[in-house]
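The residues making up each chain are set out below.
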Amino acid sequence: AQSVAQPEDQVNVAEGNPLTVKCTYSVSGNPYLFWYVQYPNRGLQFLLKYITGDNLVKGSYGFEAEFNKSQTSFHLKKPSALVSDSALYFCAVRGSYSGGGADGLTFGKGTHLIIQP
Amino acid sequence: NAGVTQTPKFRVLKTGQSMTLLCAQDMNHEYMYWYRQDPGMGLRLIHYSVGEGTTAKGEVPDGYNVSRLKKQNFLLGLESAAPSQTSVYFCASSYGTPDYNEQFFGPGTRLTVL
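Line order of the protein sequences matches chains A and B.
In terms of the working numbering, the first sequence has 467 at position 12, counting the first letter as 1, and numbering is strictly consecutive.
In terms of the working numbering, the second sequence has 50 at position 39, counting the first letter as 1, and numbering is strictly consecutive.
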């Protein structure tokens, strides 16, 4: 079985400060990891993914994520937060031993990111 | 490109009524998905399709049926709605398997079952 944990329901950051949204995972085999963002009353939008290679992945809107295999983490980061970054962020994972089907991408419960002016 | 569109955007049903949610994508994607989003539970996969004419069950398929008669459309049906099916429903599509390929999401359908 695979699982994703986003330990914080909400993260508050002042505008201009760095932000981190945490994600840890458990999978069989190698992990395929994703971050999605959801703005109010909208569908999810893809931010970035880790499949293999460099542990630091760069994505949309200045976001990046750091893959740490030993800590089974994939934290989302941004050096300087903007008010417009306020949204709901989802981490998702699939393990390489999950089989060849299209199911099996497990989403976390989401973290509300609030950037205060 | 409209991307992924969903109709309707909102719907209120009475217990026992039926309805169909329509999802359409214009990106020629093979894979399509239906999710439900409930507070504090993230997204859960209801059904998915890996191509025209194929469907498969996801994590929470009970009470739902789907059809993929055309590549660009993926329909989600509720035969006899229950209050437990009150949720926000998202359709998504991807070019290939969800481990390598990002999913594109529609704007969602907010369904209330009374």
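There's no promise every hint is true.
Unchecked claim - As a list, the in silico DMTMM-like pairs of lysine to aspartate or glutamate whose alpha-carbon atoms are at most 25 Å apart:
| hint | chain 1 | residue 1 | chain 2 | residue 2 |
| --- | --- | --- | --- | --- |
| 1 | A | K504 | B | E41 |
| 2 | A | K532 | B | E113 |
| 3 | A | K504 | B | D37 |
| 4 | A | K524 | B | E41 |
| 5 | A | K564 | B | D37 |
| 6 | A | K477 | B | D37 |
| 7 | A | K504 | B | E70 |
Unchecked claim - Simulated restraints on C-beta separations:
| hint | chain 1 | residue 1 | chain 2 | residue 2 | range |
| --- | --- | --- | --- | --- | --- |
| 8 | B | T123 | A | S515 | 14 to 22 Å |
| 9 | A | L511 | B | S78 | 15 to 23 Å |
| 10 | A | T527 | B | K68 | 27 to 35 Å |
| 11 | A | E470 | B | P118 | 39 to 47 Å |
| 12 | A | Q571 | B | G64 | 27 to 35 Å |
| 13 | B | G88 | A | N485 | 23 to 31 Å |
| 14 | B | K20 | A | K513 | 31 to 39 Å |
| 15 | A | S483 | B | D49 | 22 to 30 Å |
| 16 | A | L511 | B | D73 | 35 to 43 Å |
| 17 | B | L80 | A | E519 | 28 to 36 Å |
| 18 | A | P462 | B | Q83 | 13 to 21 Å |
| 19 | A | N485 | B | P118 | 44 to 52 Å |
| 20 | B | L80 | A | L511 | 39 to 47 Å |
| 21 | B | D49 | A | E463 | 38 to 46 Å |
Calculated from the structure, these hints are not laboratory results.
Ideal placement from N, C-alpha and C gives every residue a C-beta, glycine not left out.
Hint-by-hint comparison with the structure:
Distance restraint check for A/K504 and B/E41: the Cα-Cα separation of roughly 20 Å lies within the 25 Å cut-off, and the hinted pair is therefore satisfied. Note on A/K532 and B/E113: the hinted pairing holds, with a Cα-Cα distance of about 19 Å set against a maximum of 25 Å. A hinted pair counts as satisfied when its Cα atoms are at most 25 Å apart, and A/K504 with B/D37 qualifies at roughly 23 Å. Proposed proximity of A/K524 and B/E41 is contradicted: the alpha carbons are some 31 Å apart, above 25 Å.
This hinted pair does not check out: A/K564 and B/D37 have alpha carbons roughly 29 Å apart, beyond 25 Å. Distance hint between A/K477 and B/D37 is unfulfilled; the C-alpha atoms sit about 34 Å from each other, more than 25 Å. As the CA atoms of A/K504 and B/E70 are separated by approximately 23 Å, the hinted pair is consistent with the 25 Å bound. Distance hint for B/T123 and A/S515: a CB-CB separation of about 33 Å, inconsistent with the stated range 14 to 22 Å.
A hinted range of 15 to 23 Å is violated for the C-beta pair A/L511 and B/S78, which are about 43 Å apart. For the pair A/T527 and B/K68, the beta carbons lie near 28 Å from each other, so the given range of 27 to 35 Å is met. As the Cβ distance of A/E470 to B/P118 is approximately 28 Å, the hint placing it in 39 to 47 Å is violated. One distance hint, 27 to 35 Å for the beta-carbon pair A/Q571 and B/G64, is violated here, with the actual separation near 50 Å.
One distance hint, 23 to 31 Å for the beta-carbon pair B/G88 and A/N485, is violated here, with the actual separation near 37 Å. Taking 31 to 39 Å as the suggested C-beta distance range, the pair B/K20 and A/K513 conforms, at roughly 34 Å. For A/S483 and B/D49, the hinted distance range of 22 to 30 Å is satisfied, since their beta carbons lie about 26 Å from each other. Checked against the given bound of 35 to 43 Å, the beta carbons of A/L511 and B/D73, roughly 41 Å apart, stay inside it.
With their beta carbons about 41 Å apart, B/L80 and A/E519 fall outside the hinted range of 28 to 36 Å. The supplied range of 13 to 21 Å is broken by A/P462 and B/Q83, whose beta-carbon atoms lie about 39 Å from each other. At about 33 Å, the CB distance of A/N485 to B/P118 disagrees with the hint of 44 to 52 Å. Taking 39 to 47 Å as the suggested C-beta distance range, the pair B/L80 and A/L511 conforms, at roughly 44 Å.
Between B/D49 and A/E463 the Cβ separation comes to about 19 Å, which falls outside the hinted range of 38 to 46 Å.
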